[in-house]
Amino acid sequence: MKEYKNYNLEDFLLDDSFRNWVLGEDVQLDEFWIDIGQRYPEKQAVISQAKDLILTWRRQNSALTNDEIEFQISRILRNTEAEPEYERTIWSVNWKLWSAAAVVILALGIGWQIWRGLKPVPKPFTYNAYVMDTPVPLHEIVNTTDKSLKVTLPDSSIIELTPKSKISYSQPFVSNKKREVFLFGEALFSVTKDVQNPFFVYANGLLTRVVGTCFLVKASGENVEVLVRSGRVSVVPMKDVNNQKKRNTELLLTPNQQATFSAKDNLISKSIIETPVALVKVDTKPDFNFENKPISTVFSTLEKVYGIPFIYDNTLMNKCFLRVKLNDEPFFTKLDIICQTIGATYRISDGQVIITSEGCQ
Amino acid sequence: MEKDTLLWQRFKDGDRTAFESMLILYYRPLFEYGRKIMHDPDMLKDCIHDLFTSLWERRTSIGQTDHIKPYLLTSLRNRIFKEKQRSDLLVTIEDWQEESVMMEDAIEMKIISTDSTLENEHRIHHIMHTLTRRQQEIIHLKFYENLSNDEIAVVMAISRPAVSNLLHQSLKLFREKWLSLLCMIIILFILF
Numbered sequence: 001m002k003e004y005k006n007y008n009l010e011d012f013l014l015d016d017s018f019r020n021w022v023l024g025e026d027v028q029l030d031e032f033w034i035d036i037g038q039r040y041p042e043k044q045a046v047i048s049q050a051k052d053l054i055l056t057w058r059r060q061n062s063a064l065t066n067d068e069i070e071f072q073i074s075r076i077l078r079n080t081e082a083e084p085e086y087e088r089t090i091w092s093v094n095w096k097l098w099s100a101a102a103v104v105i106l107a108l109g110i111g112w113q114i115w116r117g118l119k120p121v122p123k124p125f126t127y128n129a130y131v132m133d134t135p136v137p138l139h140e141i142v143n144t145t146d147k148s149l150k151v152t153l154p155d156s157s158i159i160e161l162t163p164k165s166k167i168s169y170s171q172p173f174v175s176n177k178k179r180e181v182f183l184f185g186e187a188l189f190s191v192t193k194d195v196q197n198p199f200f201v202y203a204n205g206l207l208t209r210v211v212g213t214c215f216l217v218k219a220s221g222e223n224v225e226v227l228v229r230s231g232r233v234s235v236v237p238m239k240d241v242n243n244q245k246k247r248n249t250e251l252l253l254t255p256n257q258q259a260t261f262s263a264k265d266n267l268i269s270k271s272i273i274e275t276p277v278a279l280v281k282v283d284t285k286p287d288f289n290f291e292n293k294p295i296s297t298v299f300s301t302l303e304k305v306y307g308i309p310f311i312y313d314n315t316l317m318n319k320c321f322l323r324v325k326l327n328d329e330p331f332f333t334k335l336d337i338i339c340q341t342i343g344a345t346y347r348i349s350d351g352q353v354i355i356t357s358e359g360c361q
Numbered sequence: 362m363e364k365d366t367l368l369w370q371r372f373k374d375g376d377r378t379a380f381e382s383m384l385i386l387y388y389r390p391l392f393e394y395g396r397k398i399m400h401d402p403d404m405l406k407d408c409i410h411d412l413f414t415s416l417w418e419r420r421t422s423i424g425q426t427d428h429i430k431p432y433l434l435t436s437l438r439n440r441i442f443k444e445k446q447r448s449d450l451l452v453t454i455e456d457w458q459e460e461s462v463m464m465e466d467a468i469e470m471k472i473i474s475t476d477s478t479l480e481n482e483h484r485i486h487h488i489m490h491t492l493t494r495r496q497q498e499i500i501h502l503k504f505y506e507n508l509s510n511d512e513i514a515v516v517m518a519i520s521r522p523a524v525s526n527l528l529h530q531s532l533k534l535f536r537e538k539w540l541s542l543l544c545m546i547i548i549l550f551i552l553f
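Residue numbers (the working numbering), protein chains in the order written: chain A, 1 to 361; chain B, 362 to 553.
Pulled out of the complex, with its shape left as it was, chain A reads as follows:
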């Protein structure tokens, strides 16, 4: 038994068992420490001081809000996702190595020619090709009406199918820990959250992967567009799905962003959807009544409400204040009004709003 009667404040603070008890990490410690408190009544005061300190220190959070954290996290995710595939080449004159390399390249070249002759023609990633290729029987739904058709999937996800569009899915729906839907045309997906079984949409060479969210897929003609309403969605060209090295082409979309995929060039680009809507999770009505607010506050309000990142030079614009009352205007109208008021311009790049300004007087 330790000498608790000589314990001072520091000793209690640094006692692991005491700390764990205070933080409630181990209920079994309850009895022990209550007993100590009773056995050394003169220590009661010190014990309660130590408790206060530990709990207060544990709580000391700075003003960082969860929204801000989420924004910072998506900034990091965004900036790490589409890293270019580059290999550093070291140029050195090592002729032995070079000649060896030349032989290998020649051999590979010949091998490739032979292999190409044998290889079957690569299948295009069209709807028909998917449907023909799937080993299990598929359930197909075609919208032959001239109105949009609501389809409820076995996992209770809802798809709104526009006229002349069709989808197929396997029976049973969840197989191999996947939920897979093949799409031709255009459809709005409201996916039921199920972390165990991610949801995949195959559309014209583009694979969209989600957990639970709401988004629109338009696969008509050459291009596929994916527009995100809520949640997170990732898209990747079918060509790169099985190619681990090329997984970097995977693009993460957050609400109000859209990806446009060109099947011809196998390229995805990211932008902002035409009429961004306020994010669903905003509980209180956002306040766009800016009474002489610094421009950074204005942008961060818009950032939060629409989930669209703003890029601007804060030091240059720190003298810009805005006095304007905004309401239910569409996102881009708001942006026009703000920029005209402070004499700035904006452009959209890579799903972000980039503000150019010369500063304010």
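Hints in this document: simulated from the structure, not taken from any laboratory. It should be emphasised that the depicted structure is a prediction, and the values quoted were computed from it without experimental measurement. Heads up, a few of these hints could be off.
[Stated by the list, open to error] Think about it this way: if two alpha-carbon atoms lie no more than 16 angstroms apart in a straight line, the pair counts; the simulated EDC-like pairs of lysine to aspartate or glutamate are:
no., chain 1, residue 1, chain 2, residue 2
1, B, K406, A, D67
2, B, K533, A, E10
3, B, K538, A, E10
4, B, K406, A, E70
5, B, K373, A, E81
6, B, K406, A, E68
7, A, K51, B, E418
8, B, K533, A, D15
[Stated by the list, open to error] Chain B side only, calculated, beta carbon under 8 angstroms to chain A, not exhaustive:
no., residue
9, Y388
10, F442
11, Q446
12, L528
13, L532
14, K533
Just so you know, even glycine gets a beta-carbon here, dropped at the ideal spot from N, CA and C.
Since the structure of chain A is provided, determine the placement of chain B on it from the hints.
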């Protein structure tokens, strides 16, 4: 910890969800810790951003770890000092260890003159700020991040005995300040 080893391995293999869960798990702890050694929150956010992007880029070449949090805290600490050295707001490591003691009297007066019902929590908070940065840092690592002394030694790049020494010293100072403050408040309370 086995869980850490697994998560780290998945991250090294390029698993985006592992990377994202690391961000979700450790963003706040890193930020709270960073605030103890860096004043400007925006610069700090940039430091954390650069820390994670460079981790992602170097993921295949970095080593194994079974203690992700101390690893990240250490990397952030190094990065902040590098950043500080680069910027003109430079405060060298030796300098900032002793700064902020000057503020002490002013703050103490303020607390006493407010009134005796001021909450305990505020007092604790104020006393914290009268400690040196280094003392604040170690108390934060021990009580907020809940690190063991060994882990603190790694993060702060000092020896293990130095950790327990500094920890004791900081807490003792804290206790003395706290008690004298409590006494003063009681005396003032009796007087008026």
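Going down the list of hints, with the structure as the test:
1. B:K406 <-> A:D67: Since the Cα atoms of K406 of chain B and D67 of chain A sit roughly 14 angstroms apart, the hinted pair holds (cutoff 16 angstroms).
2. B:K533 <-> A:E10: This hinted pair holds, its Cα atoms lying about 7 angstroms apart.
3. B:K538 <-> A:E10: holds, 13 angstroms
4. B:K406 <-> A:E70: holds, 12 angstroms
5. B:K373 <-> A:E81: holds, 14 angstroms
6. B:K406 <-> A:E68: OK: K406 of chain B and E68 of chain A at ~10 angstroms, within 16 angstroms.
7. A:K51 <-> B:E418: Violated: K51 of chain A and E418 of chain B sit about 43 angstroms apart, past 16 angstroms.
8. B:K533 <-> A:D15: Judged against 16 angstroms, a Cα distance of about 15 angstroms means the pair holds.
9. Y388: holds, 5 angstroms
10. F442: violated, 20 angstroms
11. Q446: violated, 21 angstroms
12. L528: holds, 7 angstroms
13. L532: Where the cut-off is 8 angstroms and the nearest Cβ of chain A is about 4 angstroms from L532 of chain B, the hint holds.
14. K533: With Cβ-Cβ at 6 angstroms, under 8 angstroms, it holds.
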